[in-house]
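Protein chains: 2
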Amino acid sequence: MSKIFVDACLGKETPYTPVWMMRQAGRYLPEYMAVRKEAGNFLNLCHNPKAAAEVTIQPLDIVGVDAAILFSDILVIPDEMGMDLSFLQGEGPKFSDPITCDEDIDRLIGGDEAASKLTYVFDTIKLLRKRLDERGDEIALIGFTGAPWTLATYMIEGQGTKTYNICKKMMYSNPDLLHKILKKVTEVVKLYMEKQIQAGIDVVQIFDSWASAIETDKYDEFSWSYMVEIAEYLKEKYPEIPIIMFPKGISAFYDKVYGNFDVFGVDWATPMALAKEKLGDKYVLQGNMEPCRLYSKEMITESVENIQKVMGSKRHIFNLGHGILPDVPVENAKHFVSECQRVSGK
Amino acid sequence: MSKIFVDACLGKETPYTPVWMMRQAGRYLPEYMAVRKEAGNFLNLCHNPKAAAEVTIQPLDIVGVDAAILFSDILVIPDEMGMDLSFLQGEGPKFSDPITCDEDIDRLIGGDEAASKLTYVFDTIKLLRKRLDERGDEIALIGFTGAPWTLATYMIEGQGTKTYNICKKMMYSNPDLLHKILKKVTEVVKLYMEKQIQAGIDVVQIFDSWASAIETDKYDEFSWSYMVEIAEYLKEKYPEIPIIMFPKGISAFYDKVYGNFDVFGVDWATPMALAKEKLGDKYVLQGNMEPCRLYSKEMITESVENIQKVMGSKRHIFNLGHGILPDVPVENAKHFVSECQRVSGK
Chain A
417 MSKIFVDACL GKETPYTPVW MMRQAGRYLP EYMAVRKEAG NFLNLCHNPK AAAEVTIQPL
477 DIVGVDAAIL FSDILVIPDE MGMDLSFLQG EGPKFSDPIT CDEDIDRLIG GDEAASKLTY
537 VFDTIKLLRK RLDERGDEIA LIGFTGAPWT LATYMIEGQG TKTYNICKKM MYSNPDLLHK
597 ILKKVTEVVK LYMEKQIQAG IDVVQIFDSW ASAIETDKYD EFSWSYMVEI AEYLKEKYPE
657 IPIIMFPKGI SAFYDKVYGN FDVFGVDWAT PMALAKEKLG DKYVLQGNME PCRLYSKEMI
717 TESVENIQKV MGSKRHIFNL GHGILPDVPV ENAKHFVSEC QRVSGK
Chain B
417 MSKIFVDACL GKETPYTPVW MMRQAGRYLP EYMAVRKEAG NFLNLCHNPK AAAEVTIQPL
477 DIVGVDAAIL FSDILVIPDE MGMDLSFLQG EGPKFSDPIT CDEDIDRLIG GDEAASKLTY
537 VFDTIKLLRK RLDERGDEIA LIGFTGAPWT LATYMIEGQG TKTYNICKKM MYSNPDLLHK
597 ILKKVTEVVK LYMEKQIQAG IDVVQIFDSW ASAIETDKYD EFSWSYMVEI AEYLKEKYPE
657 IPIIMFPKGI SAFYDKVYGN FDVFGVDWAT PMALAKEKLG DKYVLQGNME PCRLYSKEMI
717 TESVENIQKV MGSKRHIFNL GHGILPDVPV ENAKHFVSEC QRVSGK
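Going down the list, the protein sequences come from chains A and B.
Note that this note's numbering has the first sequence beginning at 417, numbered continuously upward.
Note that this note's numbering has the second sequence beginning at 417, numbered continuously upward.
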């Protein structure tokens, strides 16, 4: 029996519109915080397949979403390429030795050697595959990666950034160096996602969280083309696995979107009607409630009804337009899920 | 004799397309750093008319821009409303006591009482008016304010924010409270800008730096309508003073833009061709080179030529699509200005 979520991704008719939330396995859930506390810290949790599988499953039972997304972090990739990731309390991710030159890139572990080091991710997926199959509720498992550009921003800046000035200086004054990083990361990501598929995921999502840092005229060159290359590599080998692309905050690029993938994730800043007009014929659309609406049940209902009116249960997956924030009440997250189910007739 | 920059803002034909840069009086200039060091810190510089006038004038001579923009900070407004602004070294602005409830708003100084406290700004303008008139080079002086929404984000969060979760929680779960803040700020801004005009500015710019934090469906309600209210108040009394609106990062709202003002500032994330299609008939357009292109002369030339090709010297003012960054070489800023002048025939 095929899974409803997978069918929806592939554009097939489904009995209702499935719903999930970005960061649904996260800090707004007390049950997540308990497992994380036991694991010691965020990175330990990513490295511990049993605990990571546990938090992946939690939102299925607690908020009732229709798909599970692997619990992990996009930065495990550069970490296993040799970049020494750490998360300092309250400060976000840090790489101690950011990339500044050719030699820094040459020193990075590449290709299959790097991808093969991510065993804890594949072990988490295998555990999840088993647990999900045992449940028998036909819940799909989404695997994911960061887009090469988004990963590169951390590898070059050494941490999160407001201005992206170091990587943009590289983009404009030494584009070859940036392309060299992006190519090396792309090769690892292809193999990493292939191994995620082999371990048992049903769907791939590629997050380009920092898409909006690139001007429209340069977005294809420095990010989208690499995402498409990954999608095409996977589609050729695993045509039955749907691929979701999520480039955040770049609606001015929608006219130029191309590539062999299935679902386009719409961020909250882009009106769904605009996305439907530009992309709805070519791709299934996912999204896009503004996550801060989760602070108010009334505002959740307003948005879910508006999105449903635009999409009309056709070629659509409900989601937020970005990750859920830690201070959202759990009952409001439940309200979002149940409102999506109500309007789409589940 | 009318000023070319003012004529360009009003949509009149001019012998060339004028150019200026957001944050042109700023940290990339060693001459600015010297004055700032002498003033002690950033806020002292804002409070010192002689020093503020000095740094306002600097880019005219050093990089050759066609307009001067008053040196000040948008947060002097909430500071004089009683909010106790400070700038901690390397941390950005802080308000010690953010607004959380009705009583906090009632305690704020409002209307003419708050606007009248900004004497150091009006004194800076008077000094500049005198110095610019003495130069006899018909350089226009731009005054400015932050949009009520952008000011409110700092007043509610107490500082800069990545997620805006405190103000967005207010937006969605207690919109009346947010509107109460926005109304009180709007009243002060109207009078503040009127006093800037009376002191001698030639042009008004309203910066909505955090426009992109609001979803398109709510942008008019929580920000644009207040900006339009300010513009209409000023236009009724001072129809000859051009008004520039700069809502950053909200191109999906361009279809809904309305109001009585002259120039629309286009941010770097919005292709100029898109802005022209949506808004070029109604408003003069300002912008929009991606400021990080200032890291490379070649990339400056590419962008300036592209923008010129789209706008064709008609109803256009050259500018960056956001502020210049501190680590830009001065000679590249000069290259930007001279390339704009070259392509537009100055």
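Rather than coming from a laboratory, the hints here were simulated on the basis of the structure.
For clarity, every value in this text was computed on a predicted model and none was experimentally measured.
Treat the hints loosely; a few may be bogus.
Claimed, not checked - Computed far set for chain B versus chain A, every beta-carbon distance over 10 Å:
1) Lys428
2) Gly480
3) Asp500
4) Ser512
5) Asp513
6) Thr516
7) Gly552
8) Glu554
9) Lys584
10) Glu631
11) Ala668
12) Asn676
13) Ala685
14) Pro687
15) Ser754
Said to hold, decoys possible - Taking lysine to aspartate or glutamate and the EDC-like style, the derived pairs with C-alpha atoms no more than 20 Å apart in a straight line are:
16) B:Lys585 to B:Glu573
17) A:Lys713 to A:Asp743
18) B:Lys694 to A:Asp743
19) A:Lys692 to B:Glu573
20) A:Lys725 to B:Glu447
21) A:Lys578 to B:Glu573
22) A:Lys634 to B:Glu714
As the list claims (entries may be wrong) - Reference listing, derived: stretches of chain A covered by chain B, where coverage requires no fewer than 3 residues with Cβ under 8 Å from a Cβ of chain B:
23) 581 to 593
24) 680 to 694
25) 711 to 721
All C-beta atoms, glycine included, are put in the ideal place defined by N, C-alpha and C.
A quick look at each hint next to the structure:
1. Under the 10 Å C-beta cut-off, the non-interface status given to lysine 428 of chain B relative to chain A holds; the minimum distance is some 30 Å.
2. At roughly 22 Å from the closest C-beta of chain A, the C-beta of glycine 480 of chain B stays outside 10 Å, upholding its exclusion from the interface.
3. Every C-beta of chain A lies more than 10 Å from that of aspartate 500 of chain B, the closest at about 24 Å, which supports listing it as non-interface.
4. Its beta-carbon lying about 20 Å from the closest one in chain A, serine 512 of chain B satisfies the requirement of being farther than 10 Å from that chain.
5. Distance check for aspartate 513 of chain B against chain A: the nearest CB is about 21 Å away, which clears 10 Å, and the non-interface claim stands.
6. With a closest Cβ-Cβ approach of about 15 Å to chain A, threonine 516 of chain B is found to remain outside the 10 Å limit, as its non-interface label requires.
7. Interface exclusion of glycine 552 of chain B from chain A stands, the closest Cβ pair being 38 Å apart, more than 10 Å.
8. Distance to chain A confirms glutamate 554 of chain B as a non-interface residue, since its nearest Cβ pair spans about 33 Å, more than 10 Å.
9. Distance check on lysine 584 of chain B: its Cβ comes as close as 4 Å (rounded) to a Cβ of chain A, failing to clear the 10 Å threshold; non-interface status is violated.
10. In this structure glutamate 631 of chain B is not separated from chain A by more than 10 Å, as the shortest Cβ-Cβ distance comes to only about 4 Å.
11. The beta carbon of alanine 668 of chain B is not kept farther than 10 Å from every beta carbon of chain A, the shortest such distance being approximately 5 Å.
12. Against the 10 Å criterion, asparagine 676 of chain B stays outside the reach of chain A, whose nearest CB is about 25 Å from its own CB.
13. Distance check for alanine 685 of chain B against chain A: the nearest CB is about 6 Å away, which does not clear 10 Å, and the non-interface claim fails.
14. Against chain A, the non-interface label of proline 687 of chain B is violated: not every CB pair exceeds 10 Å, the least being about 5 Å.
15. The non-interface label for serine 754 of chain B is consistent with chain A: the shortest C-beta to C-beta separation is roughly 18 Å, beyond 10 Å.
16. Of the supplied pair hints, the one linking lysine 585 of chain B and glutamate 573 of chain B holds, its CA atoms being roughly 11 Å apart against a limit of 20 Å.
17. Of the supplied pair hints, the one linking lysine 713 of chain A and aspartate 743 of chain A holds, its CA atoms being roughly 14 Å apart against a limit of 20 Å.
18. Taking the CA atoms of lysine 694 of chain B and aspartate 743 of chain A, the gap is near 38 Å; set against the 20 Å cutoff, the hint is violated.
19. For a cut-off of 20 Å, the pair hint linking lysine 692 of chain A to glutamate 573 of chain B is broken: about 34 Å separates their Cα positions.
20. A hinted pair counts as satisfied when its Cα atoms are at most 20 Å apart, and lysine 725 of chain A with glutamate 447 of chain B does not qualify at roughly 57 Å.
21. At most 20 Å may separate the alpha-carbon atoms for a hinted pair to count; lysine 578 of chain A and glutamate 573 of chain B meet this at roughly 17 Å.
22. For the given pair, lysine 634 of chain A sits about 15 Å from glutamate 714 of chain B by alpha-carbon distance, which is consistent with the 20 Å threshold.
23. Figure legend: the region 581 to 593 of chain A, annotated as covered by chain B; annotation consistent (6 residues with Cβ-Cβ distances under 8 Å, at least 3 required).
24. Counting residues of the region 680 to 694 of chain A whose beta-carbon sits less than 8 Å from any beta-carbon of chain B gives 5, enough to reach three: the coverage restraint holds.
25. Check result for the region 711 to 721 of chain A against chain B: holds, 3 residues qualifying (beta carbon to beta carbon below 8 Å, three or more required).
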